[in-house]
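With our numbering as the guide, the letters of the sequence shown map in order to residues 1 to 345.
Treat each hint with caution, since some may be false.
Said to hold, decoys possible - 27 angstroms max Cα-Cα, derived DSSO-like pairs, lysine-lysine:
(1) Lys149 x Lys184
(2) Lys264 x Lys210
(3) Lys226 x Lys149
(4) Lys81 x Lys131
(5) Lys135 x Lys50
(6) Lys213 x Lys245
(7) Lys245 x Lys264
(8) Lys181 x Lys213
(9) Lys135 x Lys210
(10) Lys213 x Lys156
(11) Lys210 x Lys251
(12) Lys266 x Lys245
(13) Lys213 x Lys149
(14) Lys156 x Lys81
(15) Lys226 x Lys251
(16) Lys131 x Lys210
(17) Lys81 x Lys184
(18) Lys135 x Lys81
(19) Lys213 x Lys251
(20) Lys210 x Lys129
(21) Lys266 x Lys131
(22) Lys213 x Lys226
(23) Lys129 x Lys81
(24) Lys149 x Lys135
(25) Lys131 x Lys184
(26) Lys263 x Lys245
(27) Lys264 x Lys184
(28) Lys156 x Lys135
(29) Lys213 x Lys81
(30) Lys129 x Lys149
(31) Lys131 x Lys156
(32) Lys210 x Lys245
(33) Lys226 x Lys264
(34) Lys131 x Lys50
Quick caveat, the hints were computed from the structure, so don't treat them as lab data.
Predicted model only: the values in this text are computed from it and were never measured.
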Amino acid sequence: MLLYPSYSEMEERQSRVWEYLCSNPKMYQQILHNQFVDEAFAFMSHLLLKHPQQAVSLLPHFRIILPEDIDAKDVASLLIKIFLHAIDLNKSDTRVDLERRRLSGSNVVEYQKIIPENPTKKLLFHILKDKQLEKTFAAPFWDAVLENKTMLLYDKEQEFSNRRFYLFLVDKLVNYLTNNKREKEMGECAEFLQSAEQLEGLIYFCNGYKVLKMGHELEFLLSTLKLNGVVGAPATEHTIDDSHKVSSFEKLQLWDRVIARSKKLKNVWAHGRVVVKEQEKGRTRVRVYFPFTMGMSELIIDSLDDIRFVREESSPKFVATKTLGSKEEETSAKMEDASPLEREE
Numbered sequence: 001m002l003l004y005p006s007y008s009e010m011e012e013r014q015s016r017v018w019e020y021l022c023s024n025p026k027m028y029q030q031i032l033h034n035q036f037v038d039e040a041f042a043f044m045s046h047l048l049l050k051h052p053q054q055a056v057s058l059l060p061h062f063r064i065i066l067p068e069d070i071d072a073k074d075v076a077s078l079l080i081k082i083f084l085h086a087i088d089l090n091k092s093d094t095r096v097d098l099e100r101r102r103l104s105g106s107n108v109v110e111y112q113k114i115i116p117e118n119p120t121k122k123l124l125f126h127i128l129k130d131k132q133l134e135k136t137f138a139a140p141f142w143d144a145v146l147e148n149k150t151m152l153l154y155d156k157e158q159e160f161s162n163r164r165f166y167l168f169l170v171d172k173l174v175n176y177l178t179n180n181k182r183e184k185e186m187g188e189c190a191e192f193l194q195s196a197e198q199l200e201g202l203i204y205f206c207n208g209y210k211v212l213k214m215g216h217e218l219e220f221l222l223s224t225l226k227l228n229g230v231v232g233a234p235a236t237e238h239t240i241d242d243s244h245k246v247s248s249f250e251k252l253q254l255w256d257r258v259i260a261r262s263k264k265l266k267n268v269w270a271h272g273r274v275v276v277k278e279q280e281k282g283r284t285r286v287r288v289y290f291p292f293t294m295g296m297s298e299l300i301i302d303s304l305d306d307i308r309f310v311r312e313e314s315s316p317k318f319v320a321t322k323t324l325g326s327k328e329e330e331t332s333a334k335m336e337d338a339s340p341l342e343r344e345e
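Just need the whole structure built from these sequences, with the hints factored in.
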């Protein structure tokens with residue numbers, strides 16, 4: 001198997017490799033049309049970190065359209081302008097391969113690989129995954145997102161698997177706001193997603209609220225997620241009867257909507273989201289997200305008798321509540337399942 005060296009390895013071998021790249025951009029043409037396309041974009045993110053002005057001249061060769069009023073001296077602002085323009089809600093252009101990694105005991109879903117086919121989104125993904133580049137890019141980029149929150153919204157008509165790039169952005173934004181203790185902006189973003197009736201993204205705010213000790217907001221958010229059947233709500237008899245048995249854990253996909261039961265839930269069926277599939281002593285089992293008083297927790301489900309598929313709505317029926325910042329009680333209502341299950345038993 002042919003392996004491409006990393007940017008740091010190439011620069012170590014030839015310290016002026018970027019000059020060669022800028023003068024011979026056609027070397028990317030073949031790479032961008034084969035299985036090494038993602039390595040090429042990861043390489044580009046490193047080039048933007050080390051030699052930003054020179055790297056800008058290569059962007060058109062990655063099929064990234066530059067604005068007419070280009071200012072290569074302010075690379076961060078240029079990239080932000082490109083990314084804001086590229087987030088197109090009507091384009092279902094994300095294919096997904098997700099993994100979950102446990103880092104330092106953290107129970108956070110880690111997006112190992114989400115590959116947007118749109119080249120501009122692909123570059124944004126690699127930039128946000130590069131910790132070094134994110135340090136120099138994150139603050140101005142997320143400030144721009146906070147001014148243009150529609151970047152966080154997906155097209156409701158998309159299949160759930162095509163929404164994940166936008167959920168990735170929400171996840172990264174919540175991490176940024178949490179690390180920088182920006183409680184006000186955290187609350188504003190959560191209210192925005194709630195008003196847009198896109199509740200999947202709100203799951204990420206639970207641990208952020210917990211870290212920032214925003215107890216009231218966390219309590220209200222958990223009740224909103226439960227009320228709308230996203231996670232945590234006890235399953236009705238209708239939902240249980242209408243659910244589908246899981247014949248194999250292999251059929252489950254990350255973030256599938258399920259109902260599950262366990263001793264911790266007093267054996268009551270409740271709505272959850274699949275977080276990870278893992279092997280334990282030769283057996284496959286899954287971890288499922290459920291909200292508890294102190295935030296999101298995971299339960300291990302290792303018996304097929306304790307988990308069932310439920311319908312995944314393309315456009316969930318939203319239950320009206322007060323805003324997340326309000327201390328008034330939410331109005332009660334019932335959520336009905338809206339669309340047929342796509343996978344057969």
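A quick look at each hint next to the structure:
At most 27 angstroms may separate the alpha-carbon atoms for a hinted pair to count; Lys149 and Lys184 meet this at roughly 14 angstroms. A threshold of 27 angstroms between alpha carbons decides the hint, and for Lys264 with Lys210 the separation of about 21 angstroms falls inside it, so the pair holds. Straight-line distance between C-alpha atoms of Lys226 and Lys149 comes to about 24 angstroms, which keeps the hinted pair within the 27 angstroms bound. Under the criterion of a C-alpha separation no larger than 27 angstroms, the hint pairing Lys81 with Lys131 is consistent with the structure, at around 21 angstroms.
Taking the CA atoms of Lys135 and Lys50, the gap is about 13 angstroms. The hint holds against a cut of 27 angstroms. A C-alpha spacing of about 39 angstroms is found between Lys213 and Lys245, which places the hinted pair above 27 angstroms, so the restraint is violated. Note on Lys245 and Lys264: the hinted pairing holds, with a Cα-Cα distance of about 21 angstroms set against a maximum of 27 angstroms. Between Lys181 and Lys213 the alpha-carbon distance is near 10 angstroms, which keeps this suggested pair within the 27 angstroms criterion.
Taken as a hint, the Lys135 and Lys210 pair is honoured in the structure, with Cα atoms around 24 angstroms apart against an allowance of 27 angstroms. For a cut-off of 27 angstroms, the pair hint linking Lys213 to Lys156 is broken: about 32 angstroms separates their Cα positions. For a cut-off of 27 angstroms, the pair hint linking Lys210 to Lys251 is broken: about 33 angstroms separates their Cα positions. Restraint check for Lys266 and Lys245: the C-alpha separation of about 20 angstroms stays at or below 27 angstroms, so the hint holds.
Taken as a hint, the Lys213 and Lys149 pair is honoured in the structure, with Cα atoms around 24 angstroms apart against an allowance of 27 angstroms. Under the criterion of a C-alpha separation no larger than 27 angstroms, the hint pairing Lys156 with Lys81 is consistent with the structure, at around 25 angstroms. Restraint check: the Cα-Cα separation between Lys226 and Lys251 comes to about 25 angstroms, which is no more than 27 angstroms; the hinted pair holds. For the suggested pair Lys131 and Lys210, the alpha carbons sit about 24 angstroms apart, so the restraint of at most 27 angstroms is met.
Distance check on the hinted pair: Lys81 and Lys184 sit about 25 angstroms apart at the alpha-carbon level, within 27 angstroms; holds. Among the hinted pairs, Lys135 with Lys81 is consistent with the structure: their alpha-carbon atoms are about 18 angstroms apart, no more than 27 angstroms. Between the alpha carbons of Lys213 and Lys251 the distance comes to roughly 37 angstroms, so the proposed pair goes past 27 angstroms and is violated. Distance hint between Lys210 and Lys129 is fulfilled; the C-alpha atoms sit about 24 angstroms from each other, no more than 27 angstroms.
Straight-line distance between C-alpha atoms of Lys266 and Lys131 comes to about 42 angstroms, which puts the hinted pair past the 27 angstroms bound. Between Lys213 and Lys226 the alpha-carbon distance is near 20 angstroms, which keeps this suggested pair within the 27 angstroms criterion. Under the criterion of a C-alpha separation no larger than 27 angstroms, the hint pairing Lys129 with Lys81 is consistent with the structure, at around 19 angstroms. Using a Cα cut-off of 27 angstroms, the hinted pair Lys149 and Lys135 holds, with the two alpha carbons roughly 21 angstroms apart.
For a cut-off of 27 angstroms, the pair hint linking Lys131 to Lys184 stands: about 25 angstroms separates their Cα positions. Our distance criterion of 27 angstroms between C-alpha atoms is met by Lys263 and Lys245, whose separation comes to about 20 angstroms. Of the pairs offered as hints, the one joining Lys264 and Lys184 is violated, with about 34 angstroms between alpha carbons and a cut-off of 27 angstroms exceeded. Restraint check: the Cα-Cα separation between Lys156 and Lys135 comes to about 32 angstroms, which exceeds 27 angstroms; the hinted pair is violated.
For the hint linking Lys213 to Lys81, the alpha-carbon distance of about 34 angstroms lies beyond 27 angstroms, and the restraint is violated. For the hint pairing Lys129 with Lys149, the CA-to-CA distance comes to about 20 angstroms; that is within 27 angstroms, so the pair holds. Only pairs whose Cα atoms come within 27 angstroms are accepted, and Lys131 paired with Lys156 is rejected, the gap being roughly 31 angstroms. At most 27 angstroms may separate the alpha-carbon atoms for a hinted pair to count; Lys210 and Lys245 exceed this at roughly 34 angstroms.
A C-alpha spacing of about 17 angstroms is found between Lys226 and Lys264, which places the hinted pair at or below 27 angstroms, so the restraint holds. Straight-line distance between C-alpha atoms of Lys131 and Lys50 comes to about 13 angstroms, which keeps the hinted pair within the 27 angstroms bound.
This entry does not satisfy hints 6, 10, 11, 19, 21, 27, 28, 29, 31, 32, going by the numbered hints stated previously.
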